[in-house]
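Sequence order for the protein chains is A and B.
If you're matching positions, the first sequence starts at 1 in the working numbering and goes up one per residue.
If you're matching positions, the second sequence starts at 1001 in the working numbering and goes up one per residue.
Derived from the structure by calculation, the hints contain no laboratory data.
Yeah, the Cβ is synthetic: ideal placement off N, Cα and C, and Gly gets one too.
One or more hints might be untrue.
To be verified - Quick list of the computed label-pair ranges, beta carbon to beta carbon:
#1 A/101 with B/1187: 54 to 60 Å
#2 B/1374 with A/115: 35 to 41 Å
#3 A/101 with B/1015: 49 to 55 Å
#4 B/1361 with A/105: 49 to 55 Å
#5 B/1271 with A/154: 28 to 34 Å
#6 A/139 with B/1364: 45 to 51 Å
#7 B/1003 with A/118: 55 to 61 Å
Read off the chains here:
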Amino acid sequence: MENVLEVKGLSKQYKPGVYASQDVTFEVKKGEIFALIGPNGAGKTTTIRMISTLLKATEGDAVVAGHSILTEPEKVRENITYLPDEAGAYKNMKGIDYLKFMAGIYAKDAASAAQFVERGKEICGLGDRLNDKIGGYSRGMARKLLIARAIMSRPALAIFDEPTSGLDIINALDVRRMLKKLASEEGMSFLLSSHNMLEIEYVSDRVGIIAKGHLLEVGKPKELIEKYEAQNLEEVFERVVKL
Amino acid sequence: MKFMHLFKKELKEMLTITTIMTMVFTVVIMVMAGSAMSGAVEDAKEESGEITICNLDDTEFTKAVLKFLENPAGGDKNEVKYVDIQGDDYSKELDRLDIKNVVIIPKGFSEHIENSEQATLIYVTKMTSLSSFSNISTGSSNAMNLINAAVKSAFYNSKVNSGALSDKEVTMLEAPITIDETTIVADRSEKVAASLIVAATQMSNMFLPICVFILVIYSSQMILNAVATEKLDKTLETLLSAPVSRLSVLSAKMLAAGVVAGLNAIVFMFGMSKMTESVTNMTSESVDNLDEILKNLGLTLSVGDYVLVGLQMFMTILITLAISLVLGVLVKDSKSAQSYIMPISLMAMIPYMLSMFVDINTLSPALKYVVYAIPFTHTFTAIQNVMFDNMTVFWGGFAYQAVLLVVCMGFAVKVFTSDKIFTMTLSFGKKKQKEANNED
């Protein structure tokens, strides 16, 4: 299966000897949901930000849909969407206007933009509330709008940092199901980052365990659970990190 | 007990190192401004007390009057500087003698007094600025009062003591001299009292600095909040990971803020021109042709002048936007956002206050260049520079602002197009950037 993302020896050094992430290597296949899991300060967000072209890598490279983050960051951005953890939207904008604004950035023409908006409306399920200003939305509503924004343009790779943060159990379940459906039926690829091991175990095809900037283990949740003779991914994580 | 516990926590949160640094910076700036103001006011006071006389009517009578001027009965001695005015081109003569005003006793002054006719004193003032302290001339007003008193006294002694006074002599005793005032602006002169000119232009002199000050603070707040909010809400991350160049994001933000600020500048300039017009009309009701006089003195702005002042104002706004953009990147939380505007407010406050009260060009060289180093100064003084033909200072300021704009914009672009947009923080004396710790 073709790789949508290939990360090769990616490192971020802030000053000599201080790495936020070091020599990280993994790949995400088309239609795959790959999750980076790790404790706070492990280097998940730094890795994701480098792949999203927000931060410059000091060593290594990542190739998204055939484009290097080092040499073709514009092309990379055409193929990804990024949803940061605890991200907000423009509070003075109406939900529908936000979708239109973002569609205008991702779409190549007006017709595609209109399609993106229709899809966004459907995904977020906010109905008439889309005509309200985002400032009046609950955290969950805002998160659904942002998820819709990240998915509506059908990127080759959607990068979500804590995808369901702020959502209640029902909405979180809906989102997880939706991600699985989009990956399996539409061939969209996802790179997730989360603290929520149960969520990751349920939604991901493969996981990468990261700690102190190093990617320590990569594999399918079931295989890892078997390999480490653990009950669940949380136990796997604990054992890998302690090694 | 619990209250103190809460109070300590609140105090600790509010009294951050940024707040303390802002306070220190405020004090330093205020002390500097205060010292500049007091120095300038002292100079203005000293200058205003000077008496400069040109005695073209070199008679025993005028000599006696001037002696009285030097040693008034019951008053302090006055130091009088005597000059020789050659010809009627007062502007040239004042420049040659390097003086700002002169009281001229014209030829035939004594003869008029002897003939029991009102004599005329000529008072010439050269205005170099519209600021309050630069147009005070207590020395000359004092001199004219003393000359009036001396003439009155002399007239009283010679006429009253000799017997009954005619009606003409009684009138003469009430007002023995009249003042013929001439005001010079650059190389233009008009027969009008400087005090009237100051009154007519006071509104515009006060209004422009207020407009510039408001615009600087407004633009600064606008862009700083825009960047800080985008950063704190992480909408900036969303935008910068979208298929759009960082330069486009930056340019759009700057241009939008520039357009809004530019609109504000146009509205303010329009409002100011209308208000100045109304005030001039109001003042001209008491003096014939005052608007014509102001025009002849170059104290009204032409369309071209408004464009020049507007351009300077726009330049200031762009510099403010570039600096604020970088400051916005430094904002760590919503609480600290306001404190980051403080340096800009203070930088604007110094020239704002100074330009209203003193002529910045007359400050001591060191102080003058410190004040000129503040980019906003050039806009605060723009109207006066245009009115008083100080075009070298105007264009010098414009060139300086242009260079500074390129530097500030260059830095803003560098910050915006690099990792600094996410990692730059202020660390007062702590170990250099804890960027790695800020990242997950």
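(message) Hint compliance check: list the failing hint numbers for this structure, sorted ascending.
(response) Hint check: 2, 3, 5, 6 fail, others pass.
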